[in-house]
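K.L.:
Here is how the chains run, residue by residue.
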Amino acid sequence: MYNICLLFNKFSLIIFVCLVTCGHSFAQQELGIGGGFNMNTLIIRNESNKNVRTIPKLGYSIFFHSRFSLNKSFDLIFEPGISEKNYQRRSVDNQYIEETTTNKYLQLPINLDTKIFKSKTTTTYLTVGVTIGYWIRSNTRGYLPDIFSSFTSFENTEHYNLIYLNEKYAFDNKKDRRYDIAINLGFRERFHIRNTTLSINAFITKSIISQQNTYMLNQEMQSNQSITLQIAYSKKLKHHEDK
Amino acid sequence: MKINRWLIVYFLITTTTISCKKEQLINEDPKSFNEIYETFWREMNINYVYWDIDKTNWDNLYSTYKPLFNKLDINNENDIKSSVSYFKSITDKLIDSHYSISFQKQILKDSAIYPAYTKNIILKKIHNKYDFSNLVPQYLDTGYISSAYFYSENNIPKLLFTRLGTINKSILYFACNQFALSRTIQSKDPKTTSLLNKLDFYLNESTDIKGLIFDFRGNNGGDIVDLNYLIGKIIDRPVHFGYVRYKNGNNRLDYTPWINTTVAPQSTSKKFQYPIIALVDNYSASLSETFAMVIHTLPNGIIVGERTWGATGPIANNNIYNYGSFIIRGFMNVTMASGEFKYLDNKSYEEIGFPPDISAAFSLTSYQSGIDSQLQKAIDQIEK
Chain A
28 MYNICLLFNK
38 FSLIIFVCLV
48 TCGHSFAQQE
58 LGIGGGFNMN
68 TLIIRNESNK
78 NVRTIPKLGY
88 SIFFHSRFSL
98 NKSFDLIFEP
108 GISEKNYQRR
118 SVDNQYIEET
128 TTNKYLQLPI
138 NLDTKIFKSK
148 TTTTYLTVGV
158 TIGYWIRSNT
168 RGYLPDIFSS
178 FTSFENTEHY
188 NLIYLNEKYA
198 FDNKKDRRYD
208 IAINLGFRER
218 FHIRNTTLSI
228 NAFITKSIIS
238 QQNTYMLNQE
248 MQSNQSITLQ
258 IAYSKKLKHH
268 EDK
Chain B
-17 MKINRWLIVY
-7 FLITTTTISC
3 KKEQLINEDP
13 KSFNEIYETF
23 WREMNINYVY
33 WDIDKTNWDN
43 LYSTYKPLFN
53 KLDINNENDI
63 KSSVSYFKSI
73 TDKLIDSHYS
83 ISFQKQILKD
93 SAIYPAYTKN
103 IILKKIHNKY
113 DFSNLVPQYL
123 DTGYISSAYF
133 YSENNIPKLL
143 FTRLGTINKS
153 ILYFACNQFA
163 LSRTIQSKDP
173 KTTSLLNKLD
183 FYLNESTDIK
193 GLIFDFRGNN
203 GGDIVDLNYL
213 IGKIIDRPVH
223 FGYVRYKNGN
233 NRLDYTPWIN
243 TTVAPQSTSK
253 KFQYPIIALV
263 DNYSASLSET
273 FAMVIHTLPN
283 GIIVGERTWG
293 ATGPIANNNI
303 YNYGSFIIRG
313 FMNVTMASGE
323 FKYLDNKSYE
333 EIGFPPDISA
343 AFSLTSYQSG
353 IDSQLQKAID
363 QIEK
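Heads up: the protein sequence lines correspond to chains A and B, in order.
The first sequence begins at 28 in the working numbering and counts up one residue at a time.
The second sequence begins at -17 in the working numbering and counts up one residue at a time.
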């Protein structure tokens, strides 16, 4: 836990320094906070297991929102924060296996907003970018069959007792790749309210690297993919354009 | 402008959904040894549960044997026979002691591969397997019961031999050569059912019994339901004896979390207060090792005999959990553990076997003289 706090502090410091440094170079700057929800799933390439399927689960994100205007058409957005990306693995007959995995990431999405529509009160952007993440925690809850504790029913069918679990995952240095790089693609709608802005954005995030280090031949890539809906409220800090 | 926005949304949705579509593999008979080897190697990655502790360099074996299998012709009888020796070399160091390969082709009917057998018999040089059923009766009081139940599993005829009796009127003795006890109740086999009813009587109503010996020597396991059935008779609350985990993905180190393994008491059972001995030998394998470990966990439980075979992982039906044993259609059946097991002390006893609390090595001289020295040691332990 201490290590995670230390890491988060370092991460926040780096982001703060970056934002302050970048702030001087841009015509307009906004700072604010935001949050949202995502529906995430684990994409497993060429998965052949027909008994267990992956079900998307709801997660959340909270972040600092900072916007730097590059010119009239392009803005650069940094949204450092924490995101939870979850999924469930469940047996197809819904009988014996259910594992809901909760993954927490420290992440820095860097997006380029391209203005595609503007009215008096709103501006619409196409958002493209990358998210750099670090996997800080994982937890699994659900149930699994205890093969040793089985019994035969009156219909002569074998049944297994279910064991309920809720466990923090211990990362394996050989297997787990804790950094993540994902691409983002979506839209952002900004509502201008005096010198503040409310922005709503919906986008798809797809990890381009596996959650696992390569430790074997023909290894399957397992990566997160999520659809996210976020809202951010920010305040304009510089008004060079207005002048 | 609004139309343009919706066009972009449509483009995003269609491109991302198309990229998520997966291809289904069709399970057909392999047409070449290259195909068999590729399937075998991949299925082992997916299904084998001991990749975290097994020292076999599976990737290295892939590159070593791939050119060799490429040279084999699936229609050539000599090549088919050669493939067996390759599979034998590939699998000889795997630690799963349940691991075995049988072949579906008629010419390979007698070419089964069983690495644990080779390791235990040739490398560890354990003694031959002996039948103690002819020596035991002299230790039992008159009126003991023996039962033989014949049944078939996967078209293989099997025999369940059970024996129940008392020793010096105060020690209850129960032996079985494998675990299929619940089957006999389901099939209403009169003799075995009567024997098991008598066991219930001794455990629940007899006041003379001051000790219990479960003789699992030579017992190579069987139906897991028997664990709750038999141990459930002598406990009054669930007994946690270890941990199990399963594969949950196709990569070698994809595992579920460890979960507790427990034995549950039967609704009418009461705790057996007196010493309980599991009598085991080098041939006590699989479920009989689990029985020994559960008994070792009990405060009044003692293991007497020899280190067990070392096949501690459970085997479950594949429709419950799609990992473990697999079949390559038209060529081979591979049997292996469905889960990785470790005992309460967080150690895996796979391949090395579970050690006895009180060692009683097999003595051929005693056996040939008609003395069951291991059973005598168990009796002495209770009577001391």
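Be aware that one or more of the hints could be misleading.
As the list claims (entries may be wrong) - Quick partial rundown of chain B residues pointing at chain A, CB under 10 Å, derived from the structure:
#1 ARG24
#2 TRP33
#3 ASP34
#4 ILE35
#5 THR38
#6 ILE334
Just so you know, the hints here were simulated from the structure itself, not pulled from any lab data.
We put the CB at the ideal spot given by N, CA and C, even for glycine.
K.L.:
If a hint holds in the structure, say so; if it does not, say that too.
P.N.:
Going down the list of hints, with the structure as the test:
Hint on B/ARG24 holds. Least Cβ distance to chain A is approximately 7 Å, under the 10 Å limit. With a least beta-carbon distance of about 9 Å to chain A, the hint placing B/TRP33 at the interface is held under the 10 Å criterion. Restraint check, B/ASP34 versus chain A: the minimum CB separation of about 9 Å is within 10 Å; hint holds. Because the closest C-beta pair between B/ILE35 and chain A is about 13 Å apart, greater than 10 Å, the hint is violated.
Interface restraint check: B/THR38 against chain A, minimum CB-CB distance 12 Å, threshold 10 Å, status violated. The beta carbon of B/ILE334 is not positioned within 10 Å of any beta carbon in chain A (closest approach about 20 Å), and the interface hint is therefore violated.
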